[in-house]
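*Asks:* Sequence:
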Amino acid sequence: MSAVRWGRGAAGFGRALWPAGSPGLLAEEGALGGVWSRKRSSTASPCEQDRRKDWGHAELLEVLKARVRQLQAEGVAEVTVKRVAVARAPEAGGAQPPRQAQAGAKGAAATLSSRWAQKLDSDQQLMEKRKQRLEGKLQERVEKGAWQKQLRLEPRLLSRKLASQLQHWEQGAPRSPWEEQLAQLLQEAPHRLSSEAAAAPADRGPESRLEGQRQRLLSFFECCLLTGHLPLAHHVLVTHHSKSQQQRLLTLSMYNMVMLGWARQGSFKELTYVFFMLKDAGLAPDLQSYAAALQCMGRLDQDAGTIRRCLKQMAQDGLQLQGLFTAVPLSAEERAELLRAVRKAKPTFTPPRLPVPPPQVNTSPLLREIYAKDPAVSYPRLHLSLKELQGLFQQQLRVEMATTITVESVEKVPLLTKEVLHARKTLAGLRTRWRTALYRELQETKESEAHAAREGRLSLFPYLCLLSEKEIVRVLLQTLQALPAQGESLLFLAHELGLRVFKRKQLRNEVQELEQRYSKYLHLLASDTQVAEPCLPRQHWEALGVPEAPHEQPWPMSVVVQLGKQLAEVLVRAAQMPSSLAAPRSPGTLIPVLYHVYSFRSFRQIGILKPHPAFTQLLETAAERTLTFESTDVPMLCPPLPWTSPHSGAFLLSPTKMMRSVEGSQQHQLLLERCPPAELHGALDALTQLGNCAWRVNGRVLDLVLELFTDKGCPRLGVPAPPSEAPRPPEGRQAPKRCLLPEVSPAEKAEMRRELARRLKVAREMQSLRADALYRLSLAQHLRHRVFWLPHNMDFRGRTYPCSPHFNHLGSDLARALLEFAQGRPLGPHGLNWLKIHLVNLTGLKKRESLQARRDYADELMEDILDSADRPMTGRKWWMEADEPWQALACCMEVARAVRAPDPTAYVSHFPVHQDGSCNGLQHYAALGRDSVGAASVNLLPSDLPQDVYSEVAAQVVKQTVMTVVYGVTRYGGRLQIEKRLREIHDFPQDFVWEASHYLVRQVFNSLQEMFSGTRSIQRWLTESARLISHTGSAVEWVTPLGIPIIQPYHRDSKVMIKGGLQSLTFSSSVDTSQKPNTLKQKNGFPPNFIHSLDSSHMMLTALHCYRRGLSTGAPHCCRRKGLTFVSVHDCFWTHAADVAVMNQVCREQFVRLHSQPILHNLSRFLIERFCSDPRTSKSIWVSRLTDTLLSVPKTGTFNLEQVKHSTYFFS
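Residue numbers (our numbering): 1 to 1212.
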C-alpha cells in the first residue's frame, strides 16, 4: 500500500472515529479534506496552498499516532516493541476511538501488526520532517504576532479618576486624542520629587531596603531596551504599576527609560500611557520626561499648539528649555528630533552649545607643582614611532572586538599517536553535537523565560538576549573546557558565567570615532611626533573633545548569579557523551558529561559541578594545546586609554571601573560620581601613568622556567609540579576501602579520613598552582618579542593593581622575573652599582649592611654571579639559594651583560630595580604621631646602617606578625602566624609550639607598644571612632590627602537565595547598603585601610613627580631628563638602574610633603562634618560620644619630618 493511499484511508478512518459535535476536530477534518481532494479548486495563494498542504501532513501524522495508540491498547506485541519511536505522541492530540470500533479491529490488527509497525515508522519520520520544516517557516511570523498580543500596553491605574479619564479618551475619537491628553496630563502633574530623590540620604528605613529590588528592575528595563524588547518592558511596568505593593519599587528613572524607548519609535500613544502611570504614581515629570515627549512629537511632526502647551507647562514646572540640550544625555539623532519639535513652537530658538567646562584645576597643595604651567617641563615619550603605535592599536582593536583571545599552551607537546588523534577526533565530534544541543536548550530556556516575562515577572529573558546564541554557546564550551577535574562550586561557576555575560554586553561600538581620536592622542606619546603644548595624557585626551562614555549600571549580584546558574544548567542538560567512553562494553546510550554532587569544604556543604572522569581522561589524552582568555584578562597591545572619569579609561572598547569592587556594590561608584572631577585628577593621572609603562618578556628566564615546567616542575623554585606528581590515595593498611571493613576501629577510620583529606587538599592546591603557572607562562610565551601594556585600576582604599590578572608584575618571584621594561636606559655612572646592590638585596643577605658594603659583597661574588648567568642549570647554581631566586638570576644575567660591555655606562638596561619601604605601615604611623623612637626603628632618621624593626623585636619567626600588627592583626591572629612559623622549623620541639607561640605573641605586642607608643594611640583612636560611627548606623567614610573618597564596604550579611534548578543557591552579601554596618569589621578595618590609603597617596605622588621630573632648560642637553619610568607594587617602587637615586629623592620628598599636612586633624574635621552635624541625630548618645572622641585627636611627638629627606635607608 502506497503512502498516499494509506494516508487517505487513515484520514477517512479517523473521521469515522472522531465523535460528532467536536468543533476543533471538525475544523481539522476540513483541512485534511482540502489537502487530499485532487479536483478541489482553491483561490489561495501558492504560499498559502503549500502551508495548508504541510499542515495537512502534520495532521495526518496525528492520525497515525492515534492509530498507534489504538493498536497499543489492543495489546499488539510488535507495536509495543516499537514504543520508543512513537512514545512522544501527545495524549491529548486526538480523541480515543470508541470501544465498539476497537472490538471489531482486533483480529485484523494481529495479522498486519509487523507491517503496520514498519509503515508507521517510515511515515512518522516523513511527516515529522515536513512538520518541522513548516514550523521553521512560520515560527518567526507566528511568534512575533503572538508575543505582541500577549503583552499588555494599556495601563491599569489605581486612581479611579485617572482610569475613567483614560477610558474616555480611548473610547472617544477626537482628531488627535493622545497629544491633547498628554498636554492635560502635564498640566495636572503633581509637583513633587520622585521617590528616590525625595528620600534623604540619611533615611535608611523601609525605602532603602527596596534598593536591591529597584536595581534589579532597572537592570531588567535596561536590558529590554538594549535587546529591542520595549513592549515587554512596558508590560512589566504596567504589571508592577497596577499593584500598590509593587508600585513602590518603581522610580521616575524607570518610567523615563520606557518613555524614551517609545519616543525613539515615535509611539505617542504608548508614551502617553506611561505618562498616565507617572501621574497615577504621584511623580512629577523631569527634564528627561519632557525630552522624551518632545522628541516623540518631533518624530511625528506634531502641530505647534501641542508642543507650545508642553513647553509652557515645562516652564511652569521650573524647568529650563536650555536644560533639555545641556543636562539630558542625547544622541545626535535624538537631539535633532528634539530641536525639530522645539522649533515648531519657537522658530527662532537656537540650542545652546554644549558648554565647554572651564579647565578645572586640582586645588590640593600636594599637587600644585603637577598642574602648574611650566613650559620648561617635558614629558617622557615611548620608544615607538607613530606608525608602529597605530599598528598596535589595530591589533588591540581586533582582540577586543573578538572579545576573546586564544593562545598556545606551553604544556609539553604529546606525540601524535593514533590514540591522541582519535581522542581529538572524538572531542571534535562531541563539540559539534554539544553546539547543536546547546542551541536547542538555549531556545527552550528563552521560551520558558519569555513565558514568565509575559506573566509580568522579572525573568531572565532579556538578559539571555543580550548576546547571540553563538556567543553564549562559545562561552559555555569554554567553561566546560576549563573545568578542573575535581570540579568547581556551582555558585562560583554561576557568578563567573553571569559576569562574562555582563562584561560582554558592555562592549561599545564606536570604532571609527575612536580610531580618529586615538590616532591624535598618539601624537603625545610617539617618539617621532610633536604636540603644541606638553601636557599630561588625560589633559591631551580631554582637549580632543572626546565625549564622556555612558555610565553602565552594575547588575545586582542576585541577577548575575541567577543568570549564570541558568546558563550552567543549560550546559549540564546539553553536554552528553556516549556511555561507551566510560565503559567500552556498555550500550551506546548517552550519559551526562557534568555531574552535580555535594561535598564538604571548610565544614560547609556545597554543590559542585564535576566532569565525568571519562571526559577528563579524554581531554588529557587529546592534549589540546590552546587556552582561551577574555580580552580584558590579558595585557594590552597598545597604550591604554587615559583615565578621565571613574568609569572611562583603560581598554579601548570594554568599559572598566576605576575603582574595583564586589559586583552589585554601588556605594564606591556613587561616591566617586558625586566627587568634583578635579578632585580625582591626581588618582586619574597616576593610574594613567602606571598603565603607560611599556613592558616586554625576559626571554632567557622564560626559556629556563619552561624547561622545568614541561619536565616535572620544581616547587622549591616556585615552578609547580604536574598533576602526575600529586600524592595518590593511600594504599595498604591506609587504603580508603579499608574503612568499610568491620574490624577497623573508629579511631583508625578517622585517621584514614584525615590522611585522605590531606592528600586531596594537597592535590587540589597543586592543580590550582599548576593552572595559574600555565596561564602565566602561556601568556608570556604568546607575548614574547612583543611590547605590551598593563592598564591599572584601584581598590576602595586607593591601592593600585593591574587589570590583567594572570600576567603582571604583582605576582610571585617567578612572575616578576619574567618582566622587564620595553624601553631601556643607559646605565650611566651609577647604574651598575645599583644593579649590584639590587642583586644583593634579592639574596636576602646583608640587610643590615651599608650600600657600600653590599656593592663590595657583589664584587666578591662576581665569579658566582657570572657563573649563574652563563650556566644557570649546570654551574654552581648560586642563584638558587637567594630569597628571590628567579629575580636574582635575571639580575645576574643583566650584571654579566653590563660588566662585559665595552662601556658599562653606555650599556642600555631594561632591567627594573626595586626599592622597598622599611615596614611601610609603621613608617606612616611614626610620621603621623611624630614618634622619634618609632621613626628611628623604621629608617625615618638618617643613619650609617639600616635599622631592622624585626630584629629589634624578635627573631625572623615573628616578622609576619610585626608587619601585620600595623594592619590590625589581633593577638589571636598573631599567635596563629607565629605557630605556623614555628611548625616550619624542624629543629624546634613541636610539643612546645602552643606555649611558645603564646609567649612570643605577648612579647611582640608588648615590644611594639613600647617602641611605637604613638602608633598604638592612633590605632586606638581610629578603632574607637569607627566603632562609634558604625553604631550611628553608617559605614566609615573618609577622603585621602589626594581627594579620593573612601567608604568601607562592610555591612551585616544579607542572605540571598536563588531557588530551583540543580540546587537552591544561598550566598551572603556584605555590600548591601540597606543593611546595618558590621561593627566588628568596620572598627578592625579602619586603621589598616586608613594606612593603606596613605601609602597609596604616597605612591601616587611619587609616580606623578617622577613622570614630571626634569632639570631646568639651562642644563646641558645630555643631562636634561624627560621623566622617569616608574611602576610600583604597593610600597615597592621600580625604575631603571640609572634613575634609582632620583626616584629615591622624589620618594623621600613626597613622603615629607604628604605628612606635613595635618592629616589626623583633617580626618577629624571631615568625620565630624559627615557624621555629627545632622540636627536630627545630634541628641543621640552615640553621636555625642563620637563627637567627643573625634575632638580628642592623639597628641604628636617631636620628630622632625625634614630628617626623612636625608635618610638613605628610608626606601632601599
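Rather than coming from a laboratory, the hints here were simulated on the basis of the structure.
Any given hint could turn out to be false.
[Stated by the list, open to error] Computed spacing ranges between beta-carbons, pair by pair:
| # | residue 1 | residue 2 | range |
| --- | --- | --- | --- |
| 1 | 373 | 943 | 19 to 29 Å |
| 2 | 350 | 373 | 31 to 41 Å |
| 3 | 1156 | 523 | 32 to 42 Å |
| 4 | 1157 | 523 | 51 to 61 Å |
| 5 | 391 | 901 | 49 to 59 Å |
| 6 | 529 | 1198 | 24 to 34 Å |
| 7 | 674 | 245 | 51 to 61 Å |
| 8 | 523 | 674 | 45 to 55 Å |
| 9 | 395 | 419 | 44 to 54 Å |
| 10 | 528 | 448 | 54 to 64 Å |
[Stated by the list, open to error] Straight-line C-alpha distance at most 27 Å; calculated BS3-like pairs for lysine-lysine:
| # | residue 1 | residue 2 |
| --- | --- | --- |
| 11 | 269 | 387 |
| 12 | 610 | 446 |
| 13 | 243 | 269 |
| 14 | 1059 | 1076 |
| 15 | 712 | 761 |
| 16 | 520 | 657 |
| 17 | 1205 | 1179 |
| 18 | 1205 | 847 |
| 19 | 503 | 446 |
| 20 | 412 | 657 |
| 21 | 1055 | 980 |
Think of the CB as a built atom: it goes at the ideal place given N, C-alpha and C, for glycine as much as any other residue.
*Asks:* So which hints don't hold here, by number, going up?
*Replies:* 1, 4, 5, 6, 7, 8, 9, 11, 17, 20, 21
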